[in-house]
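Protein chains in written order, with our numbering: chain A, 1 to 288; chain B, 1001 to 1445.
The hints are simulated quantities; they were obtained by calculation from the structure and are not laboratory data.
Hints may be right or wrong, so weigh each one.
Here are the simulated EDC-like cross-link-like pairs (lysine to aspartate or glutamate), alpha carbons at most 16 angstroms apart as the crow flies [what the hints assert, rightly or not]: (1) B:Lys1440 <-> A:Asp183; (2) B:Lys1435 <-> A:Glu120; (3) B:Lys1159 <-> B:Asp1264; (4) B:Lys1440 <-> A:Asp178; (5) B:Lys1198 <-> B:Glu1233; (6) B:Lys1198 <-> B:Asp1264; (7) B:Lys1435 <-> A:Asp178; (8) B:Lys1105 <-> B:Asp1162; (9) B:Lys1302 <-> B:Glu1128.
Non-contacting residues of chain B with respect to chain A, defined by C-beta distances greater than 12 angstroms in every case (computed) [as the list claims (entries may be wrong)]: (10) Arg1030; (11) Pro1049; (12) Leu1090; (13) Glu1113; (14) Ser1126; (15) Arg1204; (16) Thr1231; (17) Leu1332; (18) Pro1342; (19) Glu1368; (20) Phe1431.
Being a predicted model, the structure only gives us computed values, none of them experimental.
Ideal Cβ positions, reconstructed from N, Cα and C, are used throughout, including at glycine.
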Amino acid sequence: MVVLTAVLTIGGLTFLLASALIIANRKLYVEEDLRIDVVEEMLPHANCGACGYPGCRPFAEAVVAGIVAPGKCSVSNAQGHEAIADYLGIAVGEQTRIVARLACAGGTNVARNRAHYSGEPSCIAAAQVAGGGKACTWGCLGHGDCERVCDFDAIHMNSHDLPVVDSARCTGCGDCVDICPKDLFSLHPEDHRLWVACRNLEHGDAVLAGCAVACTACERCAVDAPAGLIQMRDNLPVVDYSRPHATRVPIERCPTGAIVWVDDSVGMIRGAASKKILRHGALPEAAS
Amino acid sequence: MFSALRQHRSFAHGIHPPEAKDDTRDLPIRQFPFAPVMIVPLQQHIGKPALPVVREGQEVERGQCIAEPDGFLSVAMHAPASGLVQRIALAPGISGRMAPAIYLKPFPGSSQEVSDGTPCDVATASAEEILLAIQQAGIVGLGGAAFPTHVKLKVPADKTIDTLIINGVECEPYLTTDHRVMLEQQADIFTGIRYLLKVTGAARCIIGVEANKLDVADALRAGLPGDLPVTVEVVAVKYPQGAEKMLIRALLGREVPSGGLPSDVSVVTVNVATTAEIGRLLPHGRGIQERVITIGGPAISKKGNYRIPIGTPLRFALEYAGMAASTSRVFLGGPMMGQALPSLDIPITKGTSGFIAFTESQTRAPVEYPCIHCAYCVDACPLFLNPSQLGLLARAGQVERMADEFHLLDCFECGSCSYVCPAHIPLVQRFRAAKGLVRKRRAAP
């Protein structure tokens, strides 16, 4: 009798709970588009956030819902974009590649240090100690926080302690923009090749005491450029990228090489009139 | 007889670094000469930069207002010497950024005389008028934070203040400015307290002094005016006893909540040098154009406490004080919370409490070893944070977790954790970097 009661109780309870689960499954079923899983599989799984979504899954949901075009994923290549577009039967969308650009050209061979920083080897730590040891207070500190934070191996410090962005690998995720204490990185479409590689707000030849490639605000680039393309603001040229900007004319007469042409295979190309840089080793530290 | 055995009041945790105050504590305050060119930054305080009211080429008088406050969170600037405004241009600042400053060339033989303005009489002025006078006098927290004093004294409408604490602790090693001010400017301090009591509406005032300054405590007690509700309390010698929250804890046993202000526990604390300046300047309607600093450290031959014009370039000050040629590092402020300077072209500002200079062998950085979780830092942290865990997270770059789960932003960077760490991990330096990153991210849209 005891056995029977136990079996009946447990059996009844099982039946009751099972029915509840079955009903809940029917009533609360979430209709999910199966294509989301497929699209997610086609994405690079970098979860970098460059597209503006928290990760690849939310991006896949947005693509399937038709909110964004697959071309927005900056990590995937044209082939990957087309595969997703073909699968969903939608347009690829604009495939502008966004890359990070550095607004400083002051490596150790051209830019002086005013002090020797011997603390924690990181830019954000150095910047907390009265701005770091660099003579130019706007310039790159060169301790490589951006190189360490880059998930795509797209930033490497060159022999002059200046980060170089590998455009082919850069996905425009913006991690370097976030980490740089001097705010020298910014994200730009790859075709923005006319580039001001300086943030020094001072003017005149005095700035050259700290850095040989600083902008002296001579305004030659603004004069030479097609009308309206370059405006001087706070002693720095500002390129208006909404106008046609595929011209190398503005860089040619720059005396220091602060405005450059960014070439993916060569790097920053300086104008013909800019002062030649002969030094390869680091500059001696300024006595102060 | 038993006074030596008596336990002074204190807070929990903290450390005992060498005080190193013997070299300068007995040296009277001396007036500093004018530098050939003074650089007066327009932003020496926390808040908005002041707006210059002079033009290039203009002649100004010592004490004349040369920049006016831009809004409530800003203070005025005054000419440190009679002379010519050379230019208004960018100058290197302590924050590491170039900031606008007024370059002033004093006239040869410029006198130390200061012209008076409109006096603010404590007996007749209202609280609002006193606050305005403090702002116009350009007074900021002279202990080092340089927060505008009139903002600090503006008590929110929903809070009342019962106690005014005058902070004369000066727990930072090497610095002796507050010590000298309390010995030499007692009348100014008591006048300043009258103004502060009127502004805050506090019923009583406590002057907190560390037990290594018993001569000050005795002198202050002897000179107390009978009509003021002031007591002088001695607190234990411990670092960071002079931190606002620690001192409130030691004197009143009240705890300022995380992210809160002293007014949350009905207290306002004001640095003793700030109090003395209020008492010295307001009765004459003058502005702050000089302050007392300690120039010390093993690499300085003429160590001392100097009343120095604001805007004096550091290089001039250190050369006058006889800096050794072998000096390798100069710290702004004391060795615990001060920072190493990358350039000597930085001017002395209102927030500068002193400079100490060291030679190479005295500042060699020790080798760092891994954390073994000994928890010395946990026992040292006056805010009861967990520096060990924070250090590991900083190493892993998890600054968001540090801020959200481990109260990183409560850390006021006293450096006790780094000081006690047997593995020589630069904990506070990493927290400072992490705080910089968190603030940058939170400020970003």
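Restraint check for Lys1159 of chain B with Asp1264 of chain B, where alpha carbons must lie at most 16 angstroms apart: holds, 7 angstroms
Is Glu1368 of chain B truly not at the interface, in the sense that its beta carbon sits beyond 12 angstroms from all beta carbons of chain A? Glu1368 of chain B is in fact no farther than 12 angstroms from some Cβ atom of chain A, at 9 angstroms.
No chain A beta carbon within 12 angstroms of Ser1126 of chain B's: holds, 41 angstroms
For a C-alpha distance cap of 16 angstroms, please report whether Lys1198 of chain B and Glu1233 of chain B respect it. The given pair, whose Cα atoms are some 21 angstroms apart, is violated under the 16 angstroms limit.
Is the Cα-Cα distance between Lys1198 of chain B and Asp1264 of chain B 16 angstroms or less? Answer violated: Lys1198 of chain B to Asp1264 of chain B is near 19 angstroms, above 16 angstroms.
Taken at face value, is the distance from the CA of Asp1162 of chain B to the CA of Lys1105 of chain B at most 16 angstroms? violated, 46 angstroms
Keeping to a limit of 16 angstroms between CA atoms, is the pair of Lys1435 of chain B and Glu120 of chain A held or broken? holds, 15 angstroms
Check on Pro1049 of chain B being off the interface with chain A, judged by Cβ distance over 12 angstroms: holds, 15 angstroms
Check on Thr1231 of chain B being off the interface with chain A, judged by Cβ distance over 12 angstroms: holds, 39 angstroms
12 angstroms cut-off, C-beta based - Arg1204 of chain B kept clear of every residue in chain A: holds, 39 angstroms
Interface-negative label, Glu1113 of chain B against chain A, beta-carbon threshold 12 angstroms: At about 35 angstroms from chain A, Glu1113 of chain B clears the 12 angstroms cut-off, so the statement holds.
Is the nearest CB of chain A more than 12 angstroms from the CB of Pro1342 of chain B? violated, 4 angstroms
Hints 5, 6, 8, 9, 12, 17, 18, 19, 20 from the list above are not met by this structure, while the remaining hints are.
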